[in-house]
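Q: Residue numbers (this note's numbering), protein chains in the order written: chain A, 1 to 313; chain B, 1 to 197.
Keep in mind that the hints are not guaranteed to be accurate.
Below 27 angstroms or equal to it, Euclidean Cα-Cα: the simulated DSS-like pairs (lysine-lysine) are [claimed, not checked]:
1) B:Lys156 <-> A:Lys137
2) A:Lys161 <-> A:Lys15
3) B:Lys195 <-> A:Lys137
4) A:Lys144 <-> A:Lys161
5) A:Lys144 <-> A:Lys164
6) A:Lys68 <-> B:Lys195
7) B:Lys14 <-> B:Lys3
8) B:Lys156 <-> B:Lys3
9) B:Lys164 <-> A:Lys68
10) A:Lys261 <-> A:Lys68
11) B:Lys3 <-> B:Lys193
12) B:Lys195 <-> A:Lys70
13) A:Lys261 <-> A:Lys16
14) B:Lys88 <-> B:Lys164
15) B:Lys193 <-> A:Lys70
16) B:Lys195 <-> B:Lys14
17) B:Lys193 <-> B:Lys14
To list a few chain A residues with every Cβ distance to chain B over 12 angstroms, as calculated [as the list claims (entries may be wrong)]:
18) Thr67
19) Leu73
20) Ser134
21) Lys137
22) Ile268
23) Ile277
Here are some chain B residues pointing at chain A (derived, C-beta under 8 angstroms) [to be verified]:
24) Ser154
25) Met157
26) Val171
27) Pro175
28) Leu179
Simulated from the structure, these hints should not be mistaken for lab results. No experiment lies behind these values; they were computed from the predicted model shown. For glycine and all other residues, C-beta sits at the position ideal for the given N, C-alpha and C.
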Amino acid sequence: MKDKLIVSVSPHIHKKDSVSKIMWMVIVSLIPAGVAGIFIFGLNALWVIILGIISAVVTEGILQVATKRKVTLLDGSAILTGLLLAYNLPSGVPFWLPIVGSFFAIAIGKQVFGGLGQNIFNPALVGRVFLMASWPKYMTAFIKPQNYDALTSATPLALIKEGKLLENISYLDLFLGRRGGCIGEVCILALLLGALFLFFKGYISWHIPITYVFTTAAVTYIFGRQGLLSGDWLFHVLSGGLILGAFFMATDYVTSPLTRKGQIIFGIGCGLFTAIIRLWGGYPEGVSYAILMMNAATPIIDRYTRNRIYGTK
Amino acid sequence: MKKLFQEFLRGIVKENPTFVLVLGLCPTLAVSVSVINGIGMGIAAAFVLLGSNIIISLLRNFIPDRIRIPCFIVVIATFVTITELVMKAYSPALNRALGIYVPLIVVNCIVLGRAEAYAQKQTVMNSLFDGLGMGIGFTWALILISGIREFLGSGKMLGYTMIKGFNPALVLVMPSGALLVIGLLLGFFNILKNKRA
Numbered sequence: 001m002k003d004k005l006i007v008s009v010s011p012h013i014h015k016k017d018s019v020s021k022i023m024w025m026v027i028v029s030l031i032p033a034g035v036a037g038i039f040i041f042g043l044n045a046l047w048v049i050i051l052g053i054i055s056a057v058v059t060e061g062i063l064q065v066a067t068k069r070k071v072t073l074l075d076g077s078a079i080l081t082g083l084l085l086a087y088n089l090p091s092g093v094p095f096w097l098p099i100v101g102s103f104f105a106i107a108i109g110k111q112v113f114g115g116l117g118q119n120i121f122n123p124a125l126v127g128r129v130f131l132m133a134s135w136p137k138y139m140t141a142f143i144k145p146q147n148y149d150a151l152t153s154a155t156p157l158a159l160i161k162e163g164k165l166l167e168n169i170s171y172l173d174l175f176l177g178r179r180g181g182c183i184g185e186v187c188i189l190a191l192l193l194g195a196l197f198l199f200f201k202g203y204i205s206w207h208i209p210i211t212y213v214f215t216t217a218a219v220t221y222i223f224g225r226q227g228l229l230s231g232d233w234l235f236h237v238l239s240g241g242l243i244l245g246a247f248f249m250a251t252d253y254v255t256s257p258l259t260r261k262g263q264i265i266f267g268i269g270c271g272l273f274t275a276i277i278r279l280w281g282g283y284p285e286g287v288s289y290a291i292l293m294m295n296a297a298t299p300i301i302d303r304y305t306r307n308r309i310y311g312t313k
Numbered sequence: 001m002k003k004l005f006q007e008f009l010r011g012i013v014k015e016n017p018t019f020v021l022v023l024g025l026c027p028t029l030a031v032s033v034s035v036i037n038g039i040g041m042g043i044a045a046a047f048v049l050l051g052s053n054i055i056i057s058l059l060r061n062f063i064p065d066r067i068r069i070p071c072f073i074v075v076i077a078t079f080v081t082i083t084e085l086v087m088k089a090y091s092p093a094l095n096r097a098l099g100i101y102v103p104l105i106v107v108n109c110i111v112l113g114r115a116e117a118y119a120q121k122q123t124v125m126n127s128l129f130d131g132l133g134m135g136i137g138f139t140w141a142l143i144l145i146s147g148i149r150e151f152l153g154s155g156k157m158l159g160y161t162m163i164k165g166f167n168p169a170l171v172l173v174m175p176s177g178a179l180l181v182i183g184l185l186l187g188f189f190n191i192l193k194n195k196r197a
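Chain A extracted, bound-state conformation (with noise of 0.2 angstroms):
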């Protein structure tokens, strides 16, 4: 009976699960949307995903070491990072590019601010846009889908985004992954399968993923090309990285609100800034760049969104 009566602060309630636990789950659940990947684009796929997961564990230990920090590197957190970033990448780039694409990752985006839970934007994200922003001519050559030669093609959004119309490609085309685009983007369903796991296994609530996509499709509905209310909203969320963004990289715990209305609010920015940048913006895909700037909107968020601490007025 004694030892019923422990008197400690809080927090009372443990969850057994340790973020290293958390971060393989993630990594189970998006093996799916990798081994579509590599399928549709061929084996190059697979290389720039061990490339890009090697590089970034390697990264960590050196810098967690040569800061004299504790090495974490089977906590899974940088081979997240290395993955995320590798599915971020078209299946075509030279070799050396997600190597580099995920050292800086880890090293500016993420052991700079002191390393996992400080840094203040998704480091996957942080590779892409330097990697976007040094090599477009790399990072926009997309190889088209079961071809397995180097034949390059733009992803619908693209074409899209450059007035041309849509042919012989369905929804079904988009929904399979059968189009150009990156390497962990392009399958819907296997990315609905690995988002559904976590899901189920509580590990990512409805709030961030379900808001964002459903804020990016009603605003590409609303803004159509022939007037208002005449958008075609499905090609806008089956295509580009809406998907995987929402359910995997939005989701990050680090770098989301903590409280639902805050998560919410997080979601809903997400969507307006993906549109945006989709509809009028220079470029033609806007995912991580939304995110990105939602990430740095993350303090203020919490700030106003924080709960009411129960008994006060």
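With the hints as your guide, set chain B onto chain A.
A: Frame of chain A, contents of chain B only:
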């Protein structure tokens, strides 16, 4: 003499305007795209700093305290005008590359900062060496930053291609690259400083 030498060295290392005092970042961020720009900007600012330090130090007993800032600005603006006219006459290309940042030396906080914090209280000799040291400190900082940016961002050094087949990271010649390089260098010099302390 030894003291004067210390005044001189202080601006170069211990109180480097860019890396230790973190002053004058606006021109540093804007013009450090190529080494030539960096050298030009550094020398222009060093000349203004030297001239304004000497004159303000000479006038330090005449300038009324309450209107000292306008007086400093008049002196500084005079030297900036000289610099700009000389630059326009002898190297118009550099003048075009630096653009608005040459006239903006007037409000460069290193120049005004040294006038306010140092020259108005010190002898002419001290101010001269302080201006010289600070000017050289600013110049080498600019050369270092612009060297890194030019080499990694466009694969060149002083306009010549260095390595064939090198894929430069374009982001470093963009504004975000300037912030990145300066931030990392600041961190690096802080590490050095803490090691020595």
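Q: Hint by hint, say whether it matches the structure.
A: Now for the hints, and whether the structure bears them out:
With a CA separation close to 19 angstroms, the supplied pair Lys156 of chain B and Lys137 of chain A stays within the 27 angstroms bound. Restraint check for Lys161 of chain A and Lys15 of chain A: not satisfied, since their Cα atoms lie roughly 46 angstroms apart, outside the 27 angstroms limit. With a CA separation close to 42 angstroms, the supplied pair Lys195 of chain B and Lys137 of chain A exceeds the 27 angstroms bound. Note on Lys144 of chain A and Lys161 of chain A: the hinted pairing holds, with a Cα-Cα distance of about 18 angstroms set against a maximum of 27 angstroms.
With a C-alpha separation of about 17 angstroms, the suggested pair Lys144 of chain A and Lys164 of chain A falls inside the 27 angstroms cut-off, and the hint holds. The hinted pair formed by Lys68 of chain A and Lys195 of chain B meets the criterion: a straight-line CA distance of about 14 angstroms does not exceed 27 angstroms. Distance restraint check for Lys14 of chain B and Lys3 of chain B: the Cα-Cα separation of roughly 15 angstroms lies within the 27 angstroms cut-off, and the hinted pair is therefore satisfied. Between the alpha carbons of Lys156 of chain B and Lys3 of chain B the distance comes to roughly 40 angstroms, so the proposed pair goes past 27 angstroms and is violated.
For the hint linking Lys164 of chain B to Lys68 of chain A, the alpha-carbon distance of about 38 angstroms lies beyond 27 angstroms, and the restraint is violated. Using a Cα cut-off of 27 angstroms, the hinted pair Lys261 of chain A and Lys68 of chain A is violated, with the two alpha carbons roughly 38 angstroms apart. For a cut-off of 27 angstroms, the pair hint linking Lys3 of chain B to Lys193 of chain B stands: about 22 angstroms separates their Cα positions. For the proposed pair Lys195 of chain B and Lys70 of chain A, the alpha carbon gap of about 21 angstroms is at most 27 angstroms, so the pair holds.
Distance hint between Lys261 of chain A and Lys16 of chain A is fulfilled; the C-alpha atoms sit about 25 angstroms from each other, no more than 27 angstroms. Only pairs whose Cα atoms come within 27 angstroms are accepted, and Lys88 of chain B paired with Lys164 of chain B is rejected, the gap being roughly 35 angstroms. At most 27 angstroms may separate the alpha-carbon atoms for a hinted pair to count; Lys193 of chain B and Lys70 of chain A meet this at roughly 24 angstroms. For the suggested pair Lys195 of chain B and Lys14 of chain B, the alpha carbons sit about 14 angstroms apart, so the restraint of at most 27 angstroms is met.
For the hint pairing Lys193 of chain B with Lys14 of chain B, the CA-to-CA distance comes to about 9 angstroms; that is within 27 angstroms, so the pair holds. Distance to chain B contradicts Thr67 of chain A as a non-interface residue, since its nearest Cβ pair spans about 10 angstroms, not more than 12 angstroms. No beta-carbon of chain B comes within 12 angstroms of the beta-carbon of Leu73 of chain A; the shortest separation is about 24 angstroms. With a cut of 12 angstroms on Cβ distances, Ser134 of chain A falls inside the contact zone with chain B, its closest approach being about 4 angstroms.
Distance check on Lys137 of chain A: its Cβ comes as close as 9 angstroms (rounded) to a Cβ of chain B, failing to clear the 12 angstroms threshold; non-interface status is violated. The Cβ of Ile268 of chain A lies farther than 12 angstroms from every Cβ of chain B, with a closest approach of about 27 angstroms, so its non-interface assignment holds. At the 12 angstroms boundary, the C-beta of Ile277 of chain A stays outside the reach of chain B, the nearest C-beta of that chain being 17 angstroms off. Because the beta carbon of Ser154 of chain B sits about 11 angstroms from the nearest beta carbon in chain A, more than 8 angstroms, this interface hint is broken.
For Met157 of chain B, the suggested interface contact is broken, since its CB lies about 18 angstroms from the closest CB of chain A, more than 8 angstroms. Given hint, Val171 of chain B at the interface with chain A, holds; its Cβ is 4 angstroms from that chain's nearest Cβ, closer than 8 angstroms. Proximity of Pro175 of chain B to chain A is violated relative to the hint, the smallest CB-CB distance being about 11 angstroms (cut-off 8 angstroms). Taking 8 angstroms as the C-beta contact cut-off toward chain A, the hint placing Leu179 of chain B at the interface is violated, the least distance being around 11 angstroms.
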